[in-house]
Amino acid sequence: MLLRVEDLQVAFGATQVISGVDLAVAAGETLAIVGESGSGKSVTSLAVMGLLGAKGVRIAGRAEFDGQPLDLTRPGGTAKLRGDQIAMIFQEPMTSLNPAFRIGDQIAEAVLCHRSVSEVEAKGRALDIMRKVGISAPERRMRQYPHELSGGMRQRVMIAMALVNEPQLLIADEPTTALDVTIQAQILDLISRLQRDRGMAVVFITHDLGVVAQVAHRVAVMYAGRIAETGSVAQVFDDPQHPYTIGLLGSIPSLTGPRTRLTTVPGSVPSPAEMPQGCRFSTRCPFAQPKCAQQPLLREIAAGHRAACHFAPLELNFGAAA
Amino acid sequence: MLNLFLRRVLVAIPTILLISVFVFALQKLLPGDPVLAMAGEERDPVALAAIREQLGLNDPLPVQYFRWLAGALQGDLGTSLRTGQPVTQLIVQKLPVTLQLGVMALLIALVIGIPAGIISAVRKGTVTDYAANMVALSGMSIPNFWLGIMLIMLVSVRWQLLPASGYVPPTQDFVQSMRTMIMPAFVLGTGLAGALMRHTRSSMLGVLKQDYVRTARAKGVPERRVVLKHAFRNALTPIVTLTALLFGELIAGAVLTEQIFTIPGFGKLVVDAVFTRDYAVVQGVVMVTAVGFILMNLVADMLYILLNPRLRSA
Ligand SMILES: Nc1ncnc2c1ncn2[C@@H]1O[C@H](COP(=O)(O)OP(=O)(O)OP(=O)(O)O)[C@@H](O)[C@H]1O
Ligand SMILES: [Mg+2]
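Residue numbers (the working numbering), protein chains in the order written: chain A, 1 to 322; chain B, 323 to 636.
One chain only, chain A, in its complex shape (with noise of 0.2 Å):
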């Protein structure tokens, strides 16, 4: 495995937001995180980034990266490979980049924190990358500001900057989600492409069932800072075992279907102060039992496949309701 976290805890002051999250990504591989809103995929990612620097924030929990043992715990434990071995763009193209300075020195900056080469290499470097995501024109663009590019274009730009080091490991939360139906779906095949040319390994988080099926090797469901259901896609897509993912997967009718949101489970997320004790979901489960009061450990169903439901597998436990 090139990343590996285990029994991830975040917890912003009192409050607890990430409850003892296992990820685990192999080269070469991209593993989807879906969940709704505030279900904690992007505190989850920033937090292997080392991005949650707020006060009041705690982090627990064991990782590793490429072999070596990682220190998510404090904000200085992944600044060697932060923006080098592992990097990430974001959900806002619009606000991510920096509106004082030019694009190429934007871009050329990451080599330059990271690669002991001249400022002129660096821009060669830089121009390079432009040009594999697609950049119209990169020579002229090098020299213009964040605001006289398009949001998709600027998006291009995050991915060039991510990219421009050759990281084995590309976080994207939500990338697509702020832009354009035609434009998400040219960055979405940006980003498989370059995925695929080079070995990388990527975690893509996204609301979108739809991108999942369409990007993912592996897929991981969150839901109120905890993991649950995770396995291949195809695992998951044609055998959810966890009644959180099969109300997901009630959104969209099938793994080619046309793209919906995830608001078709009833109900919403609880918030800090209501959440229950034991499984976090049994609020809104149809197959809510007493036993749901304890919290359900995640368990191995298949080879890769585990499901954090006291009753899975369903099919077993409830027969024709699944």
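To be clear, the hints were calculated from the coordinates, so they are not data collected in a lab.
Any given hint could be a false lead.
[Stated by the list, open to error] Straight-line alpha carbon distances no greater than 20 Å define the calculated PhoX-like cross-link-like pairs of lysine-lysine that follow:
#, chain 1, residue 1, chain 2, residue 2
1, A, K55, B, K446
2, B, K531, A, K55
3, B, K551, B, K531
4, B, K551, B, K446
5, B, K350, B, K446
6, B, K416, B, K551
7, B, K416, A, K123
Computed from a predicted structure; not experimentally measured.
Based on these hints, arrange chain B with the ligands on the given structure of chain A.
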């Protein structure tokens, strides 16, 4: 960009004219007869009338105003009623003194205020932050006259380290010039330093929350550089604008400080002129100050445009 700037300059012209009318009118409305003040013991109505006639004070007000304005546009602000010296010459003599005081005060304020603001923003909510805020608030609320007098009593009278008053031009003796000016500049600069610190702090706090700061960190930019380059460069624009504006106020505030340290600058010129009803001088000084204010506003606008890539390319 040039267009934008030209437009600002064009807007400034009517403003200056308006101020000149205002200054002229106010002067005429003020109680006290400058001719009487000027004539001293002379009470002979014939002699007084002669003076009046000679100064053109019997002409209708608009005529007087345009005569004054025409002169002012050619750099002739009239002659001092008291000393007979050209007002322009008086101003040219005194202005550098005050400018030196103002520039030194500004430098002190920048050197203290900006780093303190950055540090307290980065260490928000810590003891350092609270301490910096407290010092800044004291700097802004302690009256200059009190601070000035305390400094004179301690540094000059008790410890005899620095001169308490006077002025030496830097061209004559640079070191002595600095020695006489450092205390008044400090007194004048403290208030500004406090304001700058708090402004820098809030500007930095806003900028440090921005997504592009997170991007810089994600790229692996060292934290120091994230703060000083990525964040500060964006926080700078409002700070620079404010500084240019505050510099105008600083010069105005110099009047009091010059009185405390008996510095023969602009402030002393205007105070003396007001007390002796030397209204040609008052008018000239107020006019020059107002134009200076407007110039600083223009500088602020210009810097704002220059620092903003979005406007620069417009
Ligand atoms: N800086 C913070 N301080 C306090 N709480 C936070 C902070 N950042 C996130 N949270 C909380 O952590 C939880 C998870 O947030 P997160 O941003 O990870 O959700 P998400 O799954 O990425 O949602 P979305 O799909 O809307 O991006 C939310 O309840 C959020 O309110
Ligand atoms: Mg998010």
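Check your understanding: So which of the earlier hints does this model not fit?
Key -> 5, 6 and 7
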